[in-house]
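All residue numbers for the sequence shown refer to this note's numbering, where the first residue is -12 and numbers rise by one.
None of these hints come from the bench; they were simulated from the model.
If you anchor each label on the Cβ, the simulated ranges turn out as follows:
1) G56 - D28: 20 to 30 Å
2) R100 - H6: 13 to 23 Å
3) V33 - W75: 15 to 25 Å
4) A94 - C14: 16 to 26 Å
Beta carbons are placed, not taken as given, at the ideal position from N, Cα and C, and that holds for glycine.
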Amino acid sequence: MTAEIVHVSPANMAPPGGHYSHAVTACGLIFISGQLPIKPDGARLVEAPFEEQARQVLDNVARALLAAGSAIDRLVQVRVYVTNIESWPAFNAIYAEWAGASRPARAVVPVPRLHYGFQIEVEAIAAQ
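Kindly generate the complete structure, drawing on both the sequences and the hints.
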(Lines of atoms letter the chains of each structure in order from A and count residues from 1; the text may use other names and numbers.)
(Lines give C-alpha, C1' and ligand atoms only; values in the text may rest on other atoms or scores of the structure.)
Protein backbone atom coordinates (compact mmCIF):
# COMPACT_ATOMS: atom_id res chain seq x y z
CA MET A 1 0.00 0.00 0.00
CA THR A 2 1.35 3.39 -0.98
CA ALA A 3 0.96 6.28 1.45
CA GLU A 4 -0.78 9.35 0.11
CA ILE A 5 1.56 12.32 -0.07
CA VAL A 6 0.08 15.83 -0.13
CA HIS A 7 2.07 19.00 -0.84
CA VAL A 8 0.77 22.02 1.06
CA SER A 9 1.27 25.60 -0.14
CA PRO A 10 -0.67 27.93 2.19
CA ALA A 11 -2.30 30.92 0.53
CA ASN A 12 -1.41 33.11 3.54
CA MET A 13 2.35 32.61 3.11
CA ALA A 14 4.84 33.90 0.57
CA PRO A 15 5.38 31.30 -2.16
CA PRO A 16 8.38 29.01 -1.62
CA GLY A 17 11.61 30.51 -2.92
CA GLY A 18 12.74 27.25 -4.48
CA HIS A 19 11.64 23.81 -5.60
CA TYR A 20 9.87 22.69 -2.40
CA SER A 21 6.56 22.87 -0.53
CA HIS A 22 6.07 24.66 2.78
CA ALA A 23 4.66 21.41 4.14
CA VAL A 24 4.16 17.83 3.04
CA THR A 25 1.85 15.30 4.66
CA ALA A 26 2.51 11.56 4.58
CA CYS A 27 1.75 8.58 6.83
CA GLY A 28 -0.11 10.71 9.38
CA LEU A 29 2.78 13.16 9.77
CA ILE A 30 3.35 16.70 8.58
CA PHE A 31 6.84 17.78 7.57
CA ILE A 32 7.35 21.55 7.68
CA SER A 33 10.17 22.81 5.47
CA GLY A 34 12.74 25.14 6.98
CA GLN A 35 10.96 28.45 7.53
CA LEU A 36 12.82 31.73 7.24
CA PRO A 37 11.80 35.18 8.51
CA ILE A 38 9.78 36.09 5.43
CA LYS A 39 6.44 37.87 5.83
CA PRO A 40 3.33 36.67 3.96
CA ASP A 41 3.79 39.52 1.45
CA GLY A 42 7.31 38.26 0.66
CA ALA A 43 9.20 40.91 2.66
CA ARG A 44 12.48 39.48 3.96
CA LEU A 45 13.30 40.55 7.51
CA VAL A 46 17.08 40.41 6.97
CA GLU A 47 17.76 43.66 8.83
CA ALA A 48 15.21 43.01 11.61
CA PRO A 49 16.37 42.24 15.15
CA PHE A 50 16.76 38.56 16.02
CA GLU A 51 13.60 38.55 18.15
CA GLU A 52 11.46 39.84 15.26
CA GLN A 53 12.99 37.27 12.92
CA ALA A 54 12.27 34.50 15.45
CA ARG A 55 8.62 35.54 15.86
CA GLN A 56 8.11 35.63 12.09
CA VAL A 57 9.67 32.20 11.62
CA LEU A 58 7.42 30.71 14.30
CA ASP A 59 4.40 32.43 12.76
CA ASN A 60 5.33 30.82 9.44
CA VAL A 61 5.62 27.39 11.08
CA ALA A 62 2.18 27.86 12.67
CA ARG A 63 0.64 28.94 9.33
CA ALA A 64 2.07 25.88 7.57
CA LEU A 65 0.84 23.59 10.36
CA LEU A 66 -2.69 24.99 10.19
CA ALA A 67 -2.81 24.77 6.40
CA ALA A 68 -1.78 21.11 6.64
CA GLY A 69 -4.50 20.35 9.18
CA SER A 70 -2.43 20.38 12.35
CA ALA A 71 -1.45 22.80 15.11
CA ILE A 72 1.36 23.74 17.48
CA ASP A 73 0.14 21.28 20.11
CA ARG A 74 0.61 18.44 17.57
CA LEU A 75 4.32 19.13 17.03
CA VAL A 76 6.55 16.10 17.45
CA GLN A 77 9.98 17.53 16.63
CA VAL A 78 11.43 20.99 16.00
CA ARG A 79 14.90 21.80 14.66
CA VAL A 80 16.23 25.34 15.02
CA TYR A 81 19.20 26.73 13.10
CA VAL A 82 20.80 29.90 14.51
CA THR A 83 23.79 31.85 13.27
CA ASN A 84 24.68 33.08 16.77
CA ILE A 85 24.32 30.64 19.65
CA GLU A 86 24.23 33.67 21.97
CA SER A 87 20.71 34.28 20.63
CA TRP A 88 19.53 30.97 22.06
CA PRO A 89 18.15 32.33 25.39
CA ALA A 90 16.09 34.96 23.54
CA PHE A 91 14.76 32.33 21.15
CA ASN A 92 13.97 29.90 23.95
CA ALA A 93 11.83 32.54 25.72
CA ILE A 94 9.93 33.43 22.51
CA TYR A 95 9.52 29.74 21.67
CA ALA A 96 8.21 28.84 25.13
CA GLU A 97 5.53 31.54 24.85
CA TRP A 98 4.63 30.41 21.31
CA ALA A 99 4.57 26.67 22.07
CA GLY A 100 2.74 27.00 25.40
CA ALA A 101 2.21 23.61 27.04
CA SER A 102 3.50 21.77 23.95
CA ARG A 103 6.98 20.32 24.48
CA PRO A 104 8.07 18.55 21.28
CA ALA A 105 11.54 17.08 20.91
CA ARG A 106 13.85 19.88 19.86
CA ALA A 107 17.38 20.51 18.65
CA VAL A 108 19.35 23.71 18.14
CA VAL A 109 22.00 23.73 15.47
CA PRO A 110 24.51 26.59 15.33
CA VAL A 111 25.39 27.35 11.72
CA PRO A 112 27.85 29.82 10.21
CA ARG A 113 25.21 31.50 8.01
CA LEU A 114 21.77 31.13 6.49
CA HIS A 115 20.24 32.08 3.14
CA TYR A 116 19.90 35.85 2.51
CA GLY A 117 21.82 36.57 5.74
CA PHE A 118 18.95 35.57 8.06
CA GLN A 119 19.75 34.74 11.69
CA ILE A 120 17.30 31.84 12.20
CA GLU A 121 15.52 29.01 10.39
CA VAL A 122 13.09 26.46 11.88
CA GLU A 123 11.82 23.15 10.50
CA ALA A 124 9.38 20.79 12.20
CA ILE A 125 7.47 17.53 12.15
CA ALA A 126 3.94 17.24 13.52
CA ALA A 127 1.16 14.70 13.76
CA GLN A 128 -1.94 15.34 11.66
